[in-house]
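K.L.:
The residues making up each chain are set out below.
Number of protein chains: 2
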Amino acid sequence: MITVHHLEYSQSFRVLWLFEELGVDYELKLYERDPITRLAPASYKKVSPLGTAPVISDGDVVLAESSAIMEYVLDLHPSETLRPEYGSPDRARFLFWFHASQGSMMAVLLIDLLLGMIENKSPFFIKPLLKPIFKLTRASFSEPRMKAILKRAESDLATAPFFGGENLTIADIVLSYPMESMHQKGLFDKKYPNCAAWVERMHESPGFKRAVEKDGKSSTVFTS
Amino acid sequence: MITVHHLEYSQSFRVLWLFEELGVDYELKLYERDPITRLAPASYKKVSPLGTAPVISDGDVVLAESSAIMEYVLDLHPSETLRPEYGSPDRARFLFWFHASQGSMMAVLLIDLLLGMIENKSPFFIKPLLKPIFKLTRASFSEPRMKAILKRAESDLATAPFFGGENLTIADIVLSYPMESMHQKGLFDKKYPNCAAWVERMHESPGFKRAVEKDGKSSTVFTS
Numbered sequence: 538m539i540t541v542h543h544l545e546y547s548q549s550f551r552v553l554w555l556f557e558e559l560g561v562d563y564e565l566k567l568y569e570r571d572p573i574t575r576l577a578p579a580s581y582k583k584v585s586p587l588g589t590a591p592v593i594s595d596g597d598v599v600l601a602e603s604s605a606i607m608e609y610v611l612d613l614h615p616s617e618t619l620r621p622e623y624g625s626p627d628r629a630r631f632l633f634w635f636h637a638s639q640g641s642m643m644a645v646l647l648i649d650l651l652l653g654m655i656e657n658k659s660p661f662f663i664k665p666l667l668k669p670i671f672k673l674t675r676a677s678f679s680e681p682r683m684k685a686i687l688k689r690a691e692s693d694l695a696t697a698p699f700f701g702g703e704n705l706t707i708a709d710i711v712l713s714y715p716m717e718s719m720h721q722k723g724l725f726d727k728k729y730p731n732c733a734a735w736v737e738r739m740h741e742s743p744g745f746k747r748a749v750e751k752d753g754k755s756s757t758v759f760t761s
Numbered sequence: 538m539i540t541v542h543h544l545e546y547s548q549s550f551r552v553l554w555l556f557e558e559l560g561v562d563y564e565l566k567l568y569e570r571d572p573i574t575r576l577a578p579a580s581y582k583k584v585s586p587l588g589t590a591p592v593i594s595d596g597d598v599v600l601a602e603s604s605a606i607m608e609y610v611l612d613l614h615p616s617e618t619l620r621p622e623y624g625s626p627d628r629a630r631f632l633f634w635f636h637a638s639q640g641s642m643m644a645v646l647l648i649d650l651l652l653g654m655i656e657n658k659s660p661f662f663i664k665p666l667l668k669p670i671f672k673l674t675r676a677s678f679s680e681p682r683m684k685a686i687l688k689r690a691e692s693d694l695a696t697a698p699f700f701g702g703e704n705l706t707i708a709d710i711v712l713s714y715p716m717e718s719m720h721q722k723g724l725f726d727k728k729y730p731n732c733a734a735w736v737e738r739m740h741e742s743p744g745f746k747r748a749v750e751k752d753g754k755s756s757t758v759f760t761s
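In order, the protein sequences belong to chains A and B. Residue numbers in the first sequence follow our numbering, run continuously in steps of one, and reach 761 at the last position. Residue numbers in the second sequence follow our numbering, run continuously in steps of one, and reach 761 at the last position.
No lab work stands behind these hints, which were simulated from the structure alone. Heads up, some of the hints might be wrong.
Since copy identity is lost for identical chains, a pair holds within one copy or between any two.
In the SDA-like style, the derived pairs of lysine to any residue whose C-alpha atoms are separated by at most 20 Å in a straight line are [stated by the list, open to error]:
1. 582 to 597
2. 583 to 653
3. 728 to 685
4. 664 to 654
5. 754 to 575
6. 664 to 683
7. 583 to 655
8. 672 to 659
9. 583 to 693
10. 664 to 616
11. 583 to 599
12. 672 to 656
13. 582 to 676
14. 672 to 650
15. 664 to 575
It should be emphasised that the depicted structure is a prediction, and the values quoted were computed from it without experimental measurement.
Turn these sequences into a full structure, and let the hints steer you where they fit.
P.N.:
Right under this line is the structure:
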């Protein structure tokens, strides 16, 4: 049986969701963040070779990287719909979103998060100098990239209910992290109604609900 | 026939390499960067829906995102070794590195690149203030993450010649971009001999050499 090492309020919630969606047995180990630093506990770092969440273990195999874990789990527990294979009319669309999630959306989100962290932690006399520089960085770098990808999300979600096409796929499950983060920040209001509706639809998915119950936390994403 | 829209000095070189490795026909369209701004030309932005490189087109399908393109091409031109499937002893290792390339390594590299760009473009009187802040950011955020992943690369490359295991895989081809970038910056010297040797070994691969010939440029990665 696969063990899911689940760090609360982290990208590992998605692995819970996948297992609940598949309805197969797994062992769940919960790890709590330090209440003050919000960092992963030492016990998590011991099990996670790169210090990242999620991690699963399966006998001798210890595997990190959300999308790799999704594929590994589906290898062992095949699904007709969660990973559209070659021949499916949704294959190209699925591939794009599955890889764009961690490769593009999360990367841009990480940059935004980091700029915010630098601003917050800087001494008060530097903040007024940083603000215009970071504003320019966002305007020239992260915002146009995020806008382009959200515009694409908006138009794709107008033609089918899921990122992966006609069915819920692991592209949707991995995308739930960056999409939920942006939704909680209010970024979808008005401008991206299909994105907002997709997030709400995911909340109603039975697999998601069961995972939320197992998780037992107030949010499925990191909140600082 | 698939058309590869190749922007010089960009992540799209890897798609050329894949095609040369497979030895199948493709149409190559080369796009040059603006000599002053180094940005992609308007003609590239027209063909690339998100403004990113690489992009391929195949009839009605226009596909971006390097790793998605790799999988799409292998669907049409299967290879026994380039994508280890379920059942291969290299499957878990391949999945980890294939997804870690764009999901972790490129993301951290992008952050480093961006911090460097902000520093360079800032007014001279702000630079001395930014320097210590960015140094701290690198020391606490990007450097430990990159160190962890390179340590893992170093130990995995000690047990098999490729990231994907016993054979050249699309994990290796996608990783060539971040790995080559770090190698050119001299980051592998002494500390990461297996990583340096891997880059040199890739340079000797016949498919890589043919792609370099088709490309005709002095570098396979972006150099500012």
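K.L.:
Need the list of violated hint numbers for this structure, in ascending order.
P.N.:
Numbers 2, 6, 7, 10, 15, in rising order.
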